[in-house]
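S.K.: Taken in sequence, the protein lines are chains A, B, C and D.
Note that this note's numbering has the first sequence beginning at 1, numbered continuously upward.
Note that this note's numbering has the second sequence beginning at 1, numbered continuously upward.
Note that this note's numbering has the third sequence beginning at 1, numbered continuously upward.
Note that this note's numbering has the fourth sequence beginning at 1, numbered continuously upward.
Hints are supplied without guarantee of correctness; some may be wrong.
[To be verified] Short, incomplete list of chain A residues facing chain B, as computed with Cβ under 8 Å: (1) N112; (2) H178; (3) V186; (4) S206; (5) R213.
Quick caveat, the hints were computed from the structure, so don't treat them as lab data.
Ideal Cβ placement from N, Cα and C applies to all residues, glycine included.
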Amino acid sequence: MVAVPAQDDLRRVLDDDGRVLPGARVPDVSDEYLRRIFDVMSLVRIMDDRMMRLQRQGRLGFYMKAIGEEASHFAVAPLRAGDWVYPSYREQGAWFWRGYTIKDFINQLFGNVADPVKGRQMPVHHSANWLNLVSISSPVGTQIPQAVGSAYAAKLMGKDDVSMVFFGEGTSSTGEFHVGMNFAGVWKAPCVFICRNNGWAISVPSQKQTAARTFASKAVGYGMPGIRVDGNDILAMLQVAGEAIDRARAGDGPTLIEALTYRVQGHSSSDDPSVYRDPKEPELWEKRDPLNRMRTYLRHRGLWNEAWERELTERYNQEITDALVAADHLGAPAIETMFDDVYEDIPWHLQEQKAWLLQQARTRSPHFHG
Amino acid sequence: MVAVPAQDDLRRVLDDDGRVLPGARVPDVSDEYLRRIFDVMSLVRIMDDRMMRLQRQGRLGFYMKAIGEEASHFAVAPLRAGDWVYPSYREQGAWFWRGYTIKDFINQLFGNVADPVKGRQMPVHHSANWLNLVSISSPVGTQIPQAVGSAYAAKLMGKDDVSMVFFGEGTSSTGEFHVGMNFAGVWKAPCVFICRNNGWAISVPSQKQTAARTFASKAVGYGMPGIRVDGNDILAMLQVAGEAIDRARAGDGPTLIEALTYRVQGHSSSDDPSVYRDPKEPELWEKRDPLNRMRTYLRHRGLWNEAWERELTERYNQEITDALVAADHLGAPAIETMFDDVYEDIPWHLQEQKAWLLQQARTRSPHFHG
Amino acid sequence: MPVMNIIQAVNDALRLQMRAEPKTVVLGEDVGKFGGVFRATSGLHEEFGAERVIDTPLAEAGIIGTAIGMALYGLRPVPEIQFSDFIYPAFDQIVNELAKFRYRSGGQYPCPVVIRTPVGGGIRGGHYHSQSPETLFIHTPGLKVVAPSNPYDTKGLLLSCLRQNDPVLFMEPKRIYRASKNEVPEGDYTLEIGKLNVVRPGTQVTLIAWSGMVSIAEEAAIKADAAGISVEVLDLRSLMPFDIVGILASVTKTGRVVIVHEAPRTCGFGAELIASIQERAMEHLEAPISRVCGFDTPFPYTLEHEYMPNADRVLGAIRQTLEW
Amino acid sequence: MPVMNIIQAVNDALRLQMRAEPKTVVLGEDVGKFGGVFRATSGLHEEFGAERVIDTPLAEAGIIGTAIGMALYGLRPVPEIQFSDFIYPAFDQIVNELAKFRYRSGGQYPCPVVIRTPVGGGIRGGHYHSQSPETLFIHTPGLKVVAPSNPYDTKGLLLSCLRQNDPVLFMEPKRIYRASKNEVPEGDYTLEIGKLNVVRPGTQVTLIAWSGMVSIAEEAAIKADAAGISVEVLDLRSLMPFDIVGILASVTKTGRVVIVHEAPRTCGFGAELIASIQERAMEHLEAPISRVCGFDTPFPYTLEHEYMPNADRVLGAIRQTLEW
Ligand SMILES: Cc1ncc(C[n+]2csc(CCOP(=O)(O)OP(=O)(O)O)c2C)c(N)n1
Ligand SMILES: Cc1ncc(C[n+]2csc(CCOP(=O)(O)OP(=O)(O)O)c2C)c(N)n1
Ligand SMILES: [Mg+2]
Ligand SMILES: [Mg+2]
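Bound-form chain A, shown alone (with noise of 0.2 Å):
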């Protein structure tokens, strides 16, 4: 059972009702950046509860959801534009804001004729190199090494951008976390690390992963400051992700976040929780939600009430039916796209290959889209 924090070395801006804690500094952040996030993480709520349902019904192939875990997606809201993003498969918030659209979302769920990746990957796998958010990869732990070379080359070519990459607790163990890590370190790379520890991979406990007291205690054995933090805490989130990114552009090198928060829900559209862990302890963390905290914050701050969020609510709810059906008209990629970008031209083989399958899907294939 992944126990609930000791406070000591926890970075928490607001208590577990949504209320800022005695003392807590509460980061300088503009109502309207507050009531953005609020909107985006909404979106988030809404739109993993719709494709999950989607999934169910046999209409889409596989989902991830982040239930519980939105805040954490916002370390990227103190970034800039010009900043890159390594996201892992399960930040759909860090997507969003950073302008990702509903239908980019959708169209790459379903793998369509406009998914901007073409239908090449699973669900889940967005990329938008116009938003700086680099393709998601399944293997995890690949992104950590690149998003340092990212950072490195920012610094070489004079720029003041940062990276940021996304990975879970599950994922520190990878050798590629290591190596990561350790370039950042040397190269004191302008780069920022999200450890999401939502307790669980998979089926396996965040105990099973490490013996290490806690994740962002990793970060001794690279030279570079851990920081562990609340992941439901959005104000805390704000503040941990705000600090690194300065510390970053400022050339003081990277750091490790661990935020702390928990998978609410199964890792997966393929994943049953139940034939592993307890059903009690997802309760324990429904108290300590993101989402409600901040809607709490929000409204002892004024800025929130009902009508906004059910506005927004039916707003987004009535943008992702729209998408969903434009996405039914979409067809799929057509058949001859699947030689592209192999490389950048198509060298003879693949010459080959594409006019064989036109040929065949020409006069046999039902699947043929040509």
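Let chain A serve as the given structure and place chains B, C and D with the ligands on it in line with the hints.
M.R.: Relative to chain A, chains B, C and D with the ligands alone:
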């Protein structure tokens, strides 16, 4: 430049001149044991010297010296015969201490018919299963998770054997280091990790390997103790290794030991350090030579005299000469042995290839020994 | 005899062997309480405990690296790689260590590790849940590569693998994990590694397949039969070593060969089969040997059915071979 | 024109490109002050500084992983893997990431990383300083694989690689790093990737080689010539894509083919060449295509000369092909 280390976090018993430091506890070991260690340490020094000269004469393809680092090898001394050791390529002392003979050693270097590994690997890649010394690999770091696997296996099989693994500080940058250490922490594996920090990984100084303050501090990330020891201080080495081995055997889990030492000469016979490092740096370290320090200590303890060292030097030199002469008379392994040990039995395709080669060899090759 | 699917056959073989041989241990991601993402190790944790059915940290290099050390020490580890697409972080441990340990130590250190891993496409898994990496391991001396296509072979071959002393990559066809069913003896039995199975005898064309492609080959053979073409379908079952005698017996009879595999065409195992056959039976060949394979692109998502070989394509190749 | 060896050609190409294109950076183990263990990057650190000639920590996965991120951001990284035997810790980054980035992102993220690495045996390097892993990368869609055999081709091809937008594995034949010398233009020039070179024209047998085996092939051709056999030697230079047109032009002329490579025989690139040739030119073949390769064992130490293909073996294969 590799700085002479701060005293604070470094375990030492002897000062640089081989005198016991005020307040230091001398490990409780017998005179005979210490003399045996000095004996074997001398052998390593003599062997390295002879083999390097041989290599320079073009009689040996390749060699790797340990000069200046020999004390660190004796981390194996407190082990039992049943314990397992996974060396890297620079711990000759570990081999000789456990009973690997001068003949074995030299036959391996020559890859002749008496080579314990049948001429399969480059010089210095020994293997001695009868001594629980595991086959050395060139790719660095791979032995680290392997040692953890053996440690786990012993635990599972109800034996109290300990595994010990050696690697250089450069190797701590590999993914294998991380995954091995991490598994060991989680499994509380009876495994002792000896990181020989000799300041250099070929031409790369240790400060370019990591931004961590010390290599020992990396243990924090794995929830195990990390101890930094003066690797040129034989008494301190025996002490920390003995403690770690006892902990492991008692079921208290793994330990990372950083043995601070220095690679006084080139990385290998192929290297020329004058290209990349200040020649004054090794001079600094020669004053801290582990063999000299041990000699002084033994002399103070009344365990050393010149005649004894002269005798053992002569004896070893003679044994080496004899082994070289014998090795000279031993030919290469028979050509058909190339196909043995790929699998337990030789499958059809290798039978076919073997027959073809023997046919070729009979008619053509000047190298045919079969 | 009970009817089993492939998952059940794997599970049964592991359970039998773990009962018979206390040194056999299973390790990998999610193999414990959860029983594996495909449930192949289901129930083993309950029966044999967390020490022998080990949920590891998320690191394939660690899974294989520690399995090697276990095997050297005397255990019989059976690591699972959750998808073969995730095997590459362990690639160094597999090709430089596991495969070479016996050889490089002059026979001192055998390393009997049996790596189980699901392979192949057809489950809408895209780039990273669909790959068929057999070439990489067949090309690595020291490894055996076994690739059954049905439950009966799976159980018998897995038991054989667990009892021999070489490292094995045991490829399981995930698309038909549950769909492929046949009668499987309850108790112990083994099948010889390195022997193919003539799934369907025939006279005019030899059709070679393995793993998930055997059923496609059979489907094509049935269609061919309906069109009056007699096709002999060979299920290789073992790719390293492969059964050259069995292949040549068929090829010298038919003189025409079609090979089907899911992996990309270029440097796929089909190429080796062609090379090996033409070296030994050129005079019997009445047409070029043809291949129906995955294309030389990463495995796509939406177009996966267009990517994968199917019976129509195989039939097309059969016809072309005959018309040559 | 100055005479250079392969090391100098590599060095010259890197220097020229780094001068012309400030985004080009070199990274790897010991590539900085030391100039690489083979000295291929010698002097670059002095000229371009530690920020563009980067001594990395000891981790191939980090070298390639960070190089990918650099390339995505806009740099032109040229990582060195010290020996190709040590490339496997980076295998996941190469096959799952580098090779697939452009494709999986729908063309959004090209990833122009040129990995330089010495390959092949003959330097008494044993298992881990001798491997020829080309098959593994040719079989990975998305990568180009280039393997020059001499200084002139090395410089021209390396410059081409550095200026195109796909990831490349650039294999350097370490045995002849210094021994192979020819005239190399001082300034800029490029050679087209994907085109073979007819090293020696001939009429009776086509002999296909690349990398360190080209000189062996030439030696065999000279011996054959002395025996009255006319051999056409093709240096493939580029393995992915490979020059099928050039190969077929020769094969349709000679009707007989011998392929030489150092990598183990089974699933080596020779197999693909055989498959591709017989698919397209079966009617022209007058004998089975034969292979002279490394054996299917790990690369041995003492017996390395027995292991490696040599001119006598190639000549033997040529004779057998003619006698068939
Ligand atoms: C290299 C690799 N091995 C295995 C997997 C299969 N897998 C997918 S997600 C996952 C667990 C990841 O856990 P964590 O890093 O904690 O992220 P979370 O899912 O909790 O967000 C595993 C094992 C993978 N994707 N990549
Ligand atoms: C995976 C891998 N990459 C690169 C090399 C080449 N190499 C051999 S030794 C070495 C440096 C090792 O340094 P360190 O770990 O500090 O050990 P030391 O040589 O100092 O004892 C390198 C880079 C290798 N053997 N293995
Ligand atoms: Mg997690
Ligand atoms: Mg070192």
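S.K.: A closest beta-carbon separation below 8 Å is what the hint needs, so does N112(A) meet it against chain B?
M.R.: For N112(A), the interface hint is violated, since the closest Cβ of chain B sits about 38 Å away, which is over 8 Å.
S.K.: Please check whether V186(A) passes as an interface residue: C-beta within 8 Å of a C-beta belonging to chain B.
M.R.: With a closest approach of 5 Å, the V186(A) hint holds.
S.K.: At a threshold of 8 Å, is the proposed contact between R213(A) and chain B supported by beta-carbon distances?
M.R.: Holds: closest Cβ of chain B sits about 6 Å from R213(A), inside 8 Å.
S.K.: Please check whether H178(A) passes as an interface residue: C-beta within 8 Å of a C-beta belonging to chain B.
M.R.: Constraint on H178(A) satisfied, holds at 3 Å.
S.K.: With a cut-off of 8 Å, does the beta carbon of S206(A) approach a beta carbon of chain B closely enough for the hint to hold?
M.R.: At 11 Å from the nearest chain B Cβ, S206(A) fails the 8 Å test, so the hint is violated.
In terms of the numbered hints stated before, the structure departs from hints 1, 4, listed from lowest to highest.
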